[in-house]
Amino acid sequence: MTMKLCWLCQKLISRRSEAVEPAPAWLRHHLSRCETCREFRDGQRHLTLSLTEHALAHVASPSQFLHGKIMAALDRDAALPESANNVFALWRRLAIPAFGVLVVLIIWLRNSLPQSHDAPFPMTTSSVASGASEKNSNAGENFLTWGKNLNQPLETELYLVASDARTALASLTETFLPRAYNAEAR
Amino acid sequence: MTCGNQADIDIEQLAASARVGCRESFEQIVLHFEKRIFHFLLHMSRNRHDAEDLTQITFLKAYRDLQSYASGRSFGAWLFTIAKRTALNHLRSARRTEELTGDFVSQAEMPSTALERSDGQKNIWELARTLKPHAYEVLWLRYGEGFSVAETARVMNTNQIRVRVLLHRARAALAKKLERRKE
Chain A
792 MTMKLCWLCQ KLISRRSEAV EPAPAWLRHH LSRCETCREF RDGQRHLTLS LTEHALAHVA
852 SPSQFLHGKI MAALDRDAAL PESANNVFAL WRRLAIPAFG VLVVLIIWLR NSLPQSHDAP
912 FPMTTSSVAS GASEKNSNAG ENFLTWGKNL NQPLETELYL VASDARTALA SLTETFLPRA
972 YNAEAR
Chain B
40 MTCGNQADID IEQLAASARV GCRESFEQIV LHFEKRIFHF LLHMSRNRHD AEDLTQITFL
100 KAYRDLQSYA SGRSFGAWLF TIAKRTALNH LRSARRTEEL TGDFVSQAEM PSTALERSDG
160 QKNIWELART LKPHAYEVLW LRYGEGFSVA ETARVMNTNQ IRVRVLLHRA RAALAKKLER
220 RKE
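Chains as they are written, first to last, in my numbering: chain A, 792 to 977; chain B, 40 to 222.
Extracted from the complex, chain A is given alone in its bound form (with noise of 0.2 angstroms):
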């Protein structure tokens, strides 16, 4: 029983070293019957005490130039000129309002790339793919999910290759080649 309270006594020695507030009662009382507990707080006094006086012996020296360095460095960043350290702050300030800009315009992007983007090319695999674009009616997911038109069964995928393939050719001919020869191949 008295091994226990020492245990417990000498733990919350420790853990009181750093208290301002006066010991309880009962430690008290303890610490005058025991010595053990007497020797183990002499002990952490004598362990603090010393840490506290050899600090100073335990500082390890700096260069001898190591003031000039620090001095050098001070006077550099004080003949920097004004307006750069303007600018810079000028720019830290900036930022914030600056990203969400670009995360607003990123998002407006997103909405209205694919509506360009079906624009020039009616016939590509995604608008056709098992009319994709009649299903979404909105632009921007049909953009975010143009991926998953491709998981189609094999006959699908060749006849739309086909179909690119013949619009490809369509636009080719009506490009390059001459209109008597295209009025002719109607």
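Hints in this document: simulated from the structure, not taken from any laboratory.
Misleading hints may appear alongside valid ones.
[Stated by the list, open to error] Pair ranges (Cβ atoms, derived): (1) B:Ala211 x A:Gly891: 46 to 56 angstroms; (2) B:Glu63 x A:Pro815: 45 to 55 angstroms; (3) A:Pro888 x B:Pro172: 37 to 47 angstroms; (4) B:His71 x A:Trp798: 12 to 22 angstroms; (5) A:Glu812 x B:Asn198: 46 to 56 angstroms; (6) A:His837 x B:Ser107: 35 to 45 angstroms; (7) A:Arg883 x B:Val59: 20 to 30 angstroms; (8) A:Lys795 x B:His71: 30 to 40 angstroms; (9) B:Gly111 x A:His837: 52 to 62 angstroms; (10) B:Pro172 x A:Ala810: 20 to 30 angstroms; (11) A:Leu840 x B:His71: 16 to 26 angstroms; (12) B:Gly60 x A:Arg884: 18 to 28 angstroms; (13) A:Ala814 x B:Val59: 39 to 49 angstroms; (14) A:Trp882 x B:Val59: 55 to 65 angstroms.
[Stated by the list, open to error] Derived DSBU-like pairs (lysine-lysine); straight-line CA-CA distance at most 35 angstroms: (15) A:Lys795 x B:Lys123; (16) B:Lys221 x B:Lys100; (17) B:Lys216 x A:Lys795; (18) B:Lys215 x A:Lys802; (19) B:Lys74 x B:Lys123; (20) A:Lys860 x B:Lys221.
[What the hints assert, rightly or not] In silico contact screen, one side only, chain A against chain B (beta carbon under 10 angstroms); selected entries: (21) Ser805; (22) His858; (23) Ile861.
Bear in mind the structure is a predicted one, so any value in this text is a computation, not a measurement.
Even for Gly, the Cβ is constructed at its ideal location relative to N, Cα and C.
Since the structure of chain A is already known, use the hints to place chain B on it.
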């Protein structure tokens, strides 16, 4: 700019006059703290050259950010907080370099190696250096630098309860090491 004789003025007053542009005041602050900051950073970086560079950066940062120092609080704790953050940033980037080169800390600079090299007549602090880095740091800030528990907590970026627990554990570990050495 002249700021008069400031030999008897305390650090907080020096900081206040440095904040309004007195360079001589800041030089006195540098003189007062450079050795202590260097020692603290030497423990963190474990390399003299790095510690000197970090000391220089610390004072440069402090000079630039003097406006953010709230007067009335401990200037020492504020400066040590800057030093610690500077060292942590350096260690983070050094760790990345270490991953690339595989050679960062000179073994000759390691405290444990230094302890093994030296003879039996050792300072208690040399024994403390063999403790875990956090334990040594908390002991140094509390007993070496004489910071209060609150100031130590601010420098270590933690709360006072954790500082008390760390101190308790560090003292217990040091006491054990002392006992072992006596045996």
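Holds or violated: 18 to 28 angstroms for the Cβ distance of Gly60 of chain B and Arg884 of chain A? holds (23 angstroms)
Restraint check for Lys860 of chain A with Lys221 of chain B, where alpha carbons must lie at most 35 angstroms apart: Roughly 43 angstroms separates the two Cα atoms, so the pair is violated.
Status of the given 20 to 30 angstroms range, CB of Ala810 of chain A versus CB of Pro172 of chain B: holds (26 angstroms)
Do the beta carbons of Ala814 of chain A and Val59 of chain B sit within 39 to 49 angstroms of each other? With Cβ atoms ~47 angstroms apart, the hint holds.
Holds or violated: Lys795 of chain A and Lys123 of chain B, Cα atoms, limit 35 angstroms. Roughly 41 angstroms between the alpha carbons, so the hint for Lys795 of chain A and Lys123 of chain B is violated.
Cut-off 10 angstroms, beta-carbon criterion: hint that Ile861 of chain A touches chain B: holds (5 angstroms)
CB-CB spacing for Asn198 of chain B and Glu812 of chain A relative to the 46 to 56 angstroms hint: violated (19 angstroms)
Gly111 of chain B and His837 of chain A, beta-carbon distance inside 52 to 62 angstroms? The hinted range 52 to 62 angstroms is violated for Gly111 of chain B and His837 of chain A, with Cβ atoms some 35 angstroms apart.
CA of Lys74 of chain B to CA of Lys123 of chain B, is that 35 angstroms or under? Cα-Cα ~15 angstroms, so holds.
Tell me if the straight-line CA distance from Lys221 of chain B to Lys100 of chain B falls inside 35 angstroms. Violated. Lys221 of chain B to Lys100 of chain B sits at ~45 angstroms, over the 35 angstroms cutoff.
Let's test the interface hint: is any C-beta of chain B closer than 10 angstroms to that of His858 of chain A? This interface hint holds because 6 angstroms falls under the 10 angstroms limit.
Quickly compare the C-alpha distance for Lys215 of chain B and Lys802 of chain A to 35 angstroms and report which way the hint goes. Satisfied, since the Cα-Cα distance of roughly 14 angstroms is no more than 35 angstroms.
Consistency note: the structure conflicts with the earlier hints numbered 4, 5, 8, 9, 14, 15, 16, 20.
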